[in-house]
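Q: Next come the chains, spelled out residue by residue.
2 protein chains.
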Amino acid sequence: MSLDSSSESFVFQKIGEVHSPFPSKFGVPRQPNLTPSIVTKIKFKDDFRIQTALKGMEAFSHIWVIFVFHKHGAKDWKATVRPPRLGGSQKMGSLASRSPHRPNPIGMSVFPVLAWNFEAKGGVEVSLEGGDLVNGTPVLDVKPYISYTDSVEEASLGWAQKPIEKFEVRFADGVGENFKSLLSSLPQYGVESFDSLREQISEVLSLDPRPAFQKTKNALSESSNEGRVYGFDLGAFDVHYRLSQGAFEVFEIVLKDESFGPVKSK
Amino acid sequence: MSLDSSSESFVFQKIGEVHSPFPSKFGVPRQPNLTPSIVTKIKFKDDFRIQTALKGMEAFSHIWVIFVFHKHGAKDWKATVRPPRLGGSQKMGSLASRSPHRPNPIGMSVFPVLAWNFEAKGGVEVSLEGGDLVNGTPVLDVKPYISYTDSVEEASLGWAQKPIEKFEVRFADGVGENFKSLLSSLPQYGVESFDSLREQISEVLSLDPRPAFQKTKNALSESSNEGRVYGFDLGAFDVHYRLSQGAFEVFEIVLKDESFGPVKSK
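Heads up: the protein sequence lines correspond to chains A and B, in order.
For the first sequence, my numbering begins at 1 and goes up steadily by one.
For the second sequence, my numbering begins at 1001 and goes up steadily by one.
The following block holds chain A by itself, in its conformation from the complex:
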């Protein structure tokens, strides 16, 4: 392909798809490295040339994933956004943020690689540590992370300097009891053990996955919001929690989507 530089638009093909425990954009962490116990998988197209093009990737510890924000929920792009990090009160240019609401909804995230499976049925699979991607996210490109070109530790951070706030997460007595009969079948939903599920829930919940307007309107610190109930989806499960003495308290975990499991071969 030798494109005319006067071309105004460009067409790209999906080379793979994300399998993650986030069925929708709600609750998805803003960065992959905030939830290290989450596993993100990419299932590449069942295409011999793609398989060949990936050879050599297994030697790199970290990779870039270039993807499409396919479920950002807006019809048009936005010129300004209200970054959650600024409390949702200040406007910022969308290109001056990492928001999905940008002229071209292209995203990029760096992930530590857990394992490559070149022999997987139905196409090469890679497991990545952490996750900020919605299940089904189309992948356009992967690139090796090369620290001498990609790493700028001293970069100054503009408005993004404010540290991320983490909230306390507790589990009410007896959580787990409520789905006792399921505990032994957790692996079929892509979860190793109840401890692993607890860890994943804690990581996601500590970041306050509530929509921005809820965070503002129903601040965790306000005692008048005590006991308010919310839920979020994580893989096959619906996690119910309440605001409790300045922390999030999980009181119930319900199996919601039995079709949601580990990446399956075709």
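No wet-lab data here; the hints were simulated from the structure.
None of the hints are false.
Below are the DSSO-like pairs computed for lysine-lysine, each with C-alpha atoms no more than 30 Å apart in a straight line:
(1) Lys1166(B) to Lys1025(B)
(2) Lys1055(B) to Lys25(A)
(3) Lys1121(B) to Lys1045(B)
(4) Lys1045(B) to Lys78(A)
(5) Lys166(A) to Lys25(A)
(6) Lys1055(B) to Lys217(A)
(7) Lys91(A) to Lys217(A)
(8) Lys1180(B) to Lys1025(B)
(9) Lys1045(B) to Lys75(A)
(10) Lys215(A) to Lys256(A)
(11) Lys1217(B) to Lys55(A)
(12) Lys1215(B) to Lys55(A)
(13) Lys1091(B) to Lys45(A)
(14) Lys1075(B) to Lys55(A)
(15) Lys121(A) to Lys1078(B)
Some chain A residues judged to face chain B by a derived CB distance under 10 Å, without partners named:
(16) Arg30
(17) Gln31
(18) Ile50
(19) Ala53
(20) Ser61
(21) His62
(22) Val68
(23) Lys78
(24) Ser94
(25) Leu95
(26) Pro103
(27) Thr149
(28) Asp150
(29) Glu154
Counterexamples of contact, computed for chain A against chain B with all Cβ distances above 12 Å:
(30) Leu114
(31) Lys121
(32) Ser127
(33) Leu186
(34) Glu192
(35) Ala247
From a predicted model like this one, the values you see are computed outputs, not experimental measurements.
Every residue gets a Cβ at the ideal spot worked out from N, C-alpha and C, and that includes glycine.
Model the placement of chain B on the given structure of chain A, informed by the hints.
A: Below, chain B without anything else, positioned relative to chain A:
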């Protein structure tokens, strides 16, 4: 836009265009940070919404540029490439490299920002330090560089560990004399001074901009190649050099393309 996750292809619009001193892919450095005296400019579309979307970017020291490899010179993508860093002799999967020859020709580079000009006629302009982009490269996205998500200093580098070799560059006596009459008009071709041009030439030439087959066939270290002559384009100029005692010696600089100058407003 809420795309069906079953979509196989995605269309993106150009939001701006690169202005750089590299008229073609020949001689373009493999990383932006190897040629810090080169200035890369992006001229954004003359569109009020794009201008608004960029507000806030001026607070970040570094930005990502997501672009299209529009002149990689191949009709189809390649499953394997021969990375120059491996001497052009070993094959590697194209996705396991940063080569332009990949399923979707999307590139990304991080640049230190020199200056934003929001008042520029014909659209916002940004000047960036360094350059690995061909003039006319279509830009799809820019993002703030955020070190706590993007910087992984300790990433292990697979096959890309080999350090980049830099070669000695000399200037023959009287270089500059040959275009004496032009020296005073250098700024109109986007170059501050002759010293600045020398520095740019040195940086590009020290990386050996010759095509891979020339590097292998006519190694700089071979005395039988003494005196062999080459040229490369840098902005408005054609730089002529020869192999000389294990170094590159520039012996002539010719004005080639008078239309090549600093970014002009429409």
